[in-house]
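For what it's worth, the working numbering labels the leading residue of the sequence shown as 2, then goes sequentially.
Derived by calculation from the structure, the hints in this document are not laboratory data.
All residues carry an ideal CB built from backbone N, CA and C; glycine is no exception.
Watch out, some of these pointers could steer you wrong.
[Stated by the list, open to error] Within a straight-line C-alpha distance of at most 20 angstroms, the following computed PhoX-like cross-link-like pairs (lysine-lysine) qualify:
#1 432 to 468
#2 449 to 542
#3 474 to 555
#4 390 to 413
#5 542 to 288
#6 27 to 103
#7 538 to 432
#8 104 to 67
#9 550 to 432
#10 104 to 27
#11 542 to 440
#12 542 to 555
#13 390 to 350
#14 67 to 44
#15 533 to 200
#16 538 to 449
#17 449 to 550
#18 555 to 532
#19 550 to 538
#20 27 to 67
#21 550 to 390
#22 555 to 432
#23 555 to 538
#24 432 to 474
#25 432 to 449
#26 333 to 440
#27 27 to 52
#28 555 to 449
#29 390 to 449
#30 67 to 25
#31 449 to 397
#32 344 to 333
#33 27 to 44
#34 440 to 397
#35 67 to 103
#36 25 to 52
#37 397 to 413
[To be verified] Taking CB as the label site, the calculated pair distances span:
#38 96 to 250: 49 to 59 angstroms
#39 45 to 243: 44 to 54 angstroms
#40 498 to 559: 21 to 31 angstroms
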Amino acid sequence: MGGINAQDFINELIFCLNQNDTVKAKALLQFASDANVDAQVQKMALAELAKGPENVVFPLLEYLTKIEISNTEIQESLYDLILDKAYGNTNLVTEYITNNEKKTRIQFIRAAGDLFLEETIPALIQVMQGETDPEIITPAINSLAVFRKPEHIEIFSSFTTHSDPDIIKAAIFAIGAVSNPHAADALMSFLCEDQIINKLVVQALANKQELYDLEKITLLLSSPVTIIRDTAIDELISMGKKATPLLTKAFQNAEADYMVHLITTLGYIEDQAAIPAIMDIINTQPKDANIRQAAYEAMERIPSPRTAICLVQGLQDPEESVRMSAARAIDKNLSKPLVAGLKNIIRDKSTEAVSTVGALIDTDATTVFSFLMGEESFRELAVTHIAEKASPSTRKAFLTNMASLGQVAFAKEIASRITGKDQEKESSSVKIVVVDDSKMMLKLYQNKLSLLGLACETYHRPEDAVKRILSGKTDLVITDLNMPNISGLELTMEIRRRFTRTDLPILMITTQSDFIEEKNGDVDVNEVLLKKSGINKILHKPFTDNDFKDSVFKLLPT
Numbered sequence: 002m003g004g005i006n007a008q009d010f011i012n013e014l015i016f017c018l019n020q021n022d023t024v025k026a027k028a029l030l031q032f033a034s035d036a037n038v039d040a041q042v043q044k045m046a047l048a049e050l051a052k053g054p055e056n057v058v059f060p061l062l063e064y065l066t067k068i069e070i071s072n073t074e075i076q077e078s079l080y081d082l083i084l085d086k087a088y089g090n091t092n093l094v095t096e097y098i099t100n101n102e103k104k105t106r107i108q109f110i111r112a113a114g115d116l117f118l119e120e121t122i123p124a125l126i127q128v129m130q131g132e133t134d135p136e137i138i139t140p141a142i143n144s145l146a147v148f149r150k151p152e153h154i155e156i157f158s159s160f161t162t163h164s165d166p167d168i169i170k171a172a173i174f175a176i177g178a179v180s181n182p183h184a185a186d187a188l189m190s191f192l193c194e195d196q197i198i199n200k201l202v203v204q205a206l207a208n209k210q211e212l213y214d215l216e217k218i219t220l221l222l223s224s225p226v227t228i229i230r231d232t233a234i235d236e237l238i239s240m241g242k243k244a245t246p247l248l249t250k251a252f253q254n255a256e257a258d259y260m261v262h263l264i265t266t267l268g269y270i271e272d273q274a275a276i277p278a279i280m281d282i283i284n285t286q287p288k289d290a291n292i293r294q295a296a297y298e299a300m301e302r303i304p305s306p307r308t309a310i311c312l313v314q315g316l317q318d319p320e321e322s323v324r325m326s327a328a329r330a331i332d333k334n335l336s337k338p339l340v341a342g343l344k345n346i347i348r349d350k351s352t353e354a355v356s357t358v359g360a361l362i363d364t365d366a367t368t369v370f371s372f373l374m375g376e377e378s379f380r381e382l383a384v385t386h387i388a389e390k391a392s393p394s395t396r397k398a399f400l401t402n403m404a405s406l407g408q409v410a411f412a413k414e415i416a417s418r419i420t421g422k423d424q425e426k427e428s429s430s431v432k433i434v435v436v437d438d439s440k441m442m443l444k445l446y447q448n449k450l451s452l453l454g455l456a457c458e459t460y461h462r463p464e465d466a467v468k469r470i471l472s473g474k475t476d477l478v479i480t481d482l483n484m485p486n487i488s489g490l491e492l493t494m495e496i497r498r499r500f501t502r503t504d505l506p507i508l509m510i511t512t513q514s515d516f517i518e519e520k521n522g523d524v525d526v527n528e529v530l531l532k533k534s535g536i537n538k539i540l541h542k543p544f545t546d547n548d549f550k551d552s553v554f555k556l557l558p559t
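With the hints as constraints, model all of the structure from the sequences given.
This is the structure we're talking about:
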């Protein structure tokens, strides 16, 4: 206690309060800092102040806001006492907001909002318009936002172009707090080239949780700006089932890119109520392969054995990625009717049967294998696919699965067929990292790289991929664009903080046309946008094996 007797200190404070002697009380409280008394004595002093009359205690609380108190518990107790004494004393609160030292003003500005003191609104506006210190303006905006008045939208809007990021954030969220469609329209008008502002605008819209605002967020899934679209996806996913009706309603007349994001978002929400709408898409078989793939991937995330029989048609899709997505969905939605349907397809050994078995094996659909092993046709088609078409990594995985199912003799039979064929060696000297939130796409890339004699490390969480890439040697990064939490562009930005486009090439594979522009009717990659983003090359889904091969080898070091 620095030589100060605790009981004497408290007794003297009580005497000053009883005598209404604020001058002596202030002189005493100058010793209330951390350097002189411990936290317990500070608590005792606040307890005594709580008993005193407002006209005496108010100036003492003002004085304590200027004392050095680092203990957060004591700081909170002091603020609680300010709230207690400020309630019903609006004139004094207004005075302290406008005519006092900085630390005191900030405390009472906060109190004005926390206590919902509408009489302080003119003072808060005066502070916002007359001050230049961000540390005062920001809490003033936050407190004025509490009143959620539409007439304040214009005032808040004037701060969205301020140079201080904290003020901009406070102003955007203040507008978002107003329960009025005009507020949502104002927020939408702030969308621009600034990634930080775009992200804040979407988050502010999401905070309101009102129908008009949620419809606006859903519409943003069609935005050509990656950060706007991905933030909207993240916010809708975090809303959960509440967003399902809005997303399914937006299916009507949605263009391809928009439809893919709507379906993908529904898949991550995992709401059974979305299944009928997604199954309608599967049954209509859209021309765009990316829509078909998104629908099957969503069904993998929303298991529903009652509707699983409809998934079988995806195994005959002309696009490999769609077939693999359907296979993974089937593996997660197994039912007796579905297994019966698969067996019927496989038994005739037709082209459809070959396609079905290939998709199931390439996607490593382990659950369904145990139900098909009794079919001679499956065993025969499996041997042929493994021996003649599958990548080395797929062969290895399938043999491991067979052994785990007790099919040791069958595994040996396959091994004897591929002896001499499976001499390809995956290059261990080349380090490739693949990032995609779809485990199916990771498997697809792994298979394709394996066929090219290249090994890779796969990550379905971008945050894990960042740690790996920054901590070890990497020759090439292959990444998706649209991923929850961290987009492909955000991943690229993190990588580019340390590695240039020459040091570490990035191949981005996407369904989205973010980097595409039309010139005289021709579609071209916008190289300026590509370089600005830090990406080396864009490959659009669906792509051919030759497209993938050329892209990979052009970027790998020679």
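Hint check results:
1. 432 to 468: OK: residue 432 and residue 468 at ~15 angstroms, within 20 angstroms.
2. 449 to 542: holds, 14 angstroms
3. 474 to 555: Distance ~19 angstroms between residue 474 and residue 555 Cα, so the pair holds.
4. 390 to 413: holds, 18 angstroms
5. 542 to 288: holds, 13 angstroms
6. 27 to 103: Satisfied, since the Cα-Cα distance of roughly 18 angstroms is no more than 20 angstroms.
7. 538 to 432: holds, 18 angstroms
8. 104 to 67: Holds - the C-alpha atoms of residue 67 and residue 104 are around 6 angstroms apart, at most 20 angstroms.
9. 550 to 432: Distance of about 16 angstroms is within 20 angstroms: holds.
10. 104 to 27: holds, 17 angstroms
11. 542 to 440: holds, 16 angstroms
12. 542 to 555: Holds. Residue 542 to residue 555 sits at ~18 angstroms (cutoff 20 angstroms).
13. 390 to 350: holds, 16 angstroms
14. 67 to 44: holds, 17 angstroms
15. 533 to 200: holds, 19 angstroms
16. 538 to 449: Since the Cα atoms of residue 538 and residue 449 sit roughly 18 angstroms apart, the hinted pair holds (cutoff 20 angstroms).
17. 449 to 550: holds, 8 angstroms
18. 555 to 532: holds, 16 angstroms
19. 550 to 538: Holds: residue 550 and residue 538 sit about 13 angstroms apart, inside 20 angstroms.
20. 27 to 67: holds, 11 angstroms
21. 550 to 390: The hint holds at about 17 angstroms.
22. 555 to 432: Since the Cα atoms of residue 555 and residue 432 sit roughly 15 angstroms apart, the hinted pair holds (cutoff 20 angstroms).
23. 555 to 538: Satisfied, since the Cα-Cα distance of roughly 10 angstroms is no more than 20 angstroms.
24. 432 to 474: Satisfied, since the Cα-Cα distance of roughly 7 angstroms is no more than 20 angstroms.
25. 432 to 449: Holds, at roughly 15 angstroms.
26. 333 to 440: holds, 13 angstroms
27. 27 to 52: holds, 17 angstroms
28. 555 to 449: With a Cα-Cα distance of about 16 angstroms, the restraint between residue 555 and residue 449 holds, given a limit of 20 angstroms.
29. 390 to 449: Holds: residue 390 and residue 449 sit about 11 angstroms apart, inside 20 angstroms.
30. 67 to 25: holds, 17 angstroms
31. 449 to 397: Holds: residue 449 and residue 397 sit about 15 angstroms apart, inside 20 angstroms.
32. 344 to 333: holds, 17 angstroms
33. 27 to 44: holds, 17 angstroms
34. 440 to 397: Roughly 18 angstroms separates the two Cα atoms, so the pair holds.
35. 67 to 103: Cα-Cα ~9 angstroms, so holds.
36. 25 to 52: Status holds; Cα separation ~17 angstroms.
37. 397 to 413: The given pair, whose Cα atoms are some 12 angstroms apart, holds under the 20 angstroms limit.
38. 96 to 250: 49 to 59 angstroms: holds, 52 angstroms
39. 45 to 243: 44 to 54 angstroms: For residue 45 and residue 243 the Cβ distance comes to about 48 angstroms; the hint holds.
40. 498 to 559: 21 to 31 angstroms: holds, 26 angstroms
In summary, this structure violates none of the numbered hints.
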